[in-house]
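Here the protein sequences come in this chain order: V and E. Numbering-wise, the first sequence is residues 22 to 273 according to the working numbering. Numbering-wise, the second sequence is residues 22 to 273 according to the working numbering.
To be clear, the hints were calculated from the coordinates, so they are not data collected in a lab. Fair warning: there could be bad hints in the mix.
Heads up, the list lumps identical chains together, so a pair's fine if it works in one copy or across two of them.
[Unchecked claim] Here are the simulated DSS-like pairs of lysine-lysine, each with C-alpha atoms no more than 27 Å apart in a straight line: (1) LYS106 to LYS37; (2) LYS170 to LYS106; (3) LYS161 to LYS106; (4) LYS29 to LYS161; (5) LYS106 to LYS77; (6) LYS161 to LYS77; (7) LYS38 to LYS213; (8) LYS116 to LYS213; (9) LYS161 to LYS46; (10) LYS34 to LYS191; (11) LYS155 to LYS106; (12) LYS155 to LYS34; (13) LYS43 to LYS106; (14) LYS42 to LYS77.
One letter stands for each residue in the lines below.
There are 2 protein chains.
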Amino acid sequence: MEIIASPKNDHIKLAKKLTVKKYQKDYDRYLLEGPHQVHDAIASGAEPDRIYATSKYMQDRELRTYYNRMFEISSDVAQALSSAKTSQGVFAVMKMPHNQLPKPLSGSFLMLDAIQDPGNVGTLVRTADAAGVKNVILGKQTADEFSPKVLRAMQGSQFHVNVVSADLIKLTTALQRSGVPVYGTELNDEAKPYASMAKTENFGLIMGNEGNGMRPELLARTDANIYIPMRGRAESLNVGVAAGVVLFHLLS
Amino acid sequence: MEIIASPKNDHIKLAKKLTVKKYQKDYDRYLLEGPHQVHDAIASGAEPDRIYATSKYMQDRELRTYYNRMFEISSDVAQALSSAKTSQGVFAVMKMPHNQLPKPLSGSFLMLDAIQDPGNVGTLVRTADAAGVKNVILGKQTADEFSPKVLRAMQGSQFHVNVVSADLIKLTTALQRSGVPVYGTELNDEAKPYASMAKTENFGLIMGNEGNGMRPELLARTDANIYIPMRGRAESLNVGVAAGVVLFHLLS
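Extracted from the complex, chain V is given alone in its bound form (with noise of 0.2 Å):
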C-alpha cells in the first residue's frame, strides 16, 4: 500500500483544517489525535471516517476492524499534522456528534459559563466522567470542545459523558420546570458549604469563569449557592479541582 509522505496530500490538507472550528461545521467532521483518543472512540462505538497512523500504528490491534478505513502516513505527515510538539502517529477523522439534551430533563448537568482555558474545559469533562455526571453543558464563551487542547485534555471522556452547548439560562428555567434544582458556585452570603447538601443524582451544578466567576443574571436564577470552605490562604481553587471536589460530594 502506498504511504501518503506529503503534508500537501489534499486528504492530509483537510484533516488538519479539521482541527479549525469554521472548517469543522463546513465538513461535520473534526480530527481527533493520539492512540488514546483514537482507541477510546472506538471503544465507544464511534466510526472513524478515516484513520492515518504512521507505520508503527498500522498493525495495531485495537484499529483493526478499521483497516480498510486506514491510510499508512510518513512521520513528517504525522508532525504536519500534530497539534503537540512531538506526534503520536495515529489520528482519526471523526463525524460530529450532535449531542442532545435528555429528555425528559433528568440526572446530573455540570454547567460551564464561560470557561475560557481549554485544559480546565477538558478536565472537568474528563472530572464529569469520572465522578458520574451524565451530562456537560458548554455555555456561551466556554472553550470549543473539538479544539485540539479541549480534546486531549478530555482524554475520551467526551464519549462517556453527553457533552452539549446550549443556553445556560435556558437551560437553567427548564431543569426548574422538571424539578431538577440549579446549584451556582458564587461565594455570597447565602453561600452554603458543599458538604451541608444532600447527596443527590438529580441537579444542575454551574462553574463559572476562571477570572469574573457566574454572570450574575445566571446566579440570579439558581436555586441555591455552593462553596467549599477553604481552611488555608489560598482565594480560590483551579476551577477543575473546585468541581472534583463537589462532585465527588454529591454523587458519592
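With chain V fixed as given, assemble chain E onto it according to the hints.
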C-alpha cells in the same frame, strides 16, 4: 526618574536570567511576574530586591512600601521580560526562600513524586493551600517550583505553604518514625476508598507521576493506599483534581 527602555539593560538581562534554574541557583534569586504574584509576595512579608513596573504600576498602592526599589520599564522591556504572551507589566526579583522541613516532623504533607507538568505542580500547591495542608514536598523529577509556569499556577500559594524539595523515600521513613502515617494513591488490591479514611491533621499523601504513578520503591513504604472510587468510565482523574478530592476529605 529615568525609564528603562532597552531589554539590553544589564539589570533587565539579569532579571530575565532569573527565570532559569541555573541562574536562580547562582544568584539565589528568582523572578515573579504579574500583579497577583507580586502583591501576594509583599502581603506575605517577602521582600523584593527590585520591582520593575510599567507606568501603570508605578503608582500602585500595594507596591508603595517599596517605591525606593521600583524601576520604571517601557512596555517593550516588560514584554521582553515576560514569559506570558502578553506581559502584565510588573515583575519582582525575589530571594530564594530556602524553606526547611518542620521540626519536629508533624502536620500535613503533600508529597509530589515526579509530577512533571508545571501547571499540575502549581495547581497542587494552590490546592494544598486551600485545603489547609502545611507542607508540600517536591520529590525528584518534579517540575521546578520557580519556573514561570509553576509560579503562575501557584497563584501565590507558595507564600502560604511550606514548599520544600526533599527525597521522598527518606522523608517517608522519617515521617513514620515521628508517628505520621504516609498514604499512597496507587490503585491496588489493598487500596482503601478515600471516604473510609479517618479525618486527620497528621499525614503524608503521595501523588505520583501523571503517566506512571508512584515509584514502586516508594509505594512499598506507604502505610496505606487510598483510591477514589469512580462511578463513570474515566480511567483516571487529573492529579490536581484527585489531590483536591482526597485532601478536602482528610482535612475537612
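Going down the list of hints, with the structure as the test:
no. : hint             : result
1   : LYS106 to LYS37  : both (15 Å within a copy, 24 Å between copies)
2   : LYS170 to LYS106 : both (12 Å within a copy, 17 Å between copies)
3   : LYS161 to LYS106 : between (30 Å within a copy, 24 Å between copies)
4   : LYS29 to LYS161  : neither (35 Å within a copy, 44 Å between copies)
5   : LYS106 to LYS77  : within (18 Å within a copy, 36 Å between copies)
6   : LYS161 to LYS77  : neither (40 Å within a copy, 32 Å between copies)
7   : LYS38 to LYS213  : neither (46 Å within a copy, 46 Å between copies)
8   : LYS116 to LYS213 : neither (42 Å within a copy, 41 Å between copies)
9   : LYS161 to LYS46  : within (17 Å within a copy, 45 Å between copies)
10  : LYS34 to LYS191  : neither (39 Å within a copy, 53 Å between copies)
11  : LYS155 to LYS106 : neither (33 Å within a copy, 36 Å between copies)
12  : LYS155 to LYS34  : neither (35 Å within a copy, 52 Å between copies)
13  : LYS43 to LYS106  : both (23 Å within a copy, 24 Å between copies)
14  : LYS42 to LYS77   : neither (30 Å within a copy, 37 Å between copies)
Against the hints set out earlier in the document, violations occur for numbers 4, 6, 7, 8, 10, 11, 12, 14.
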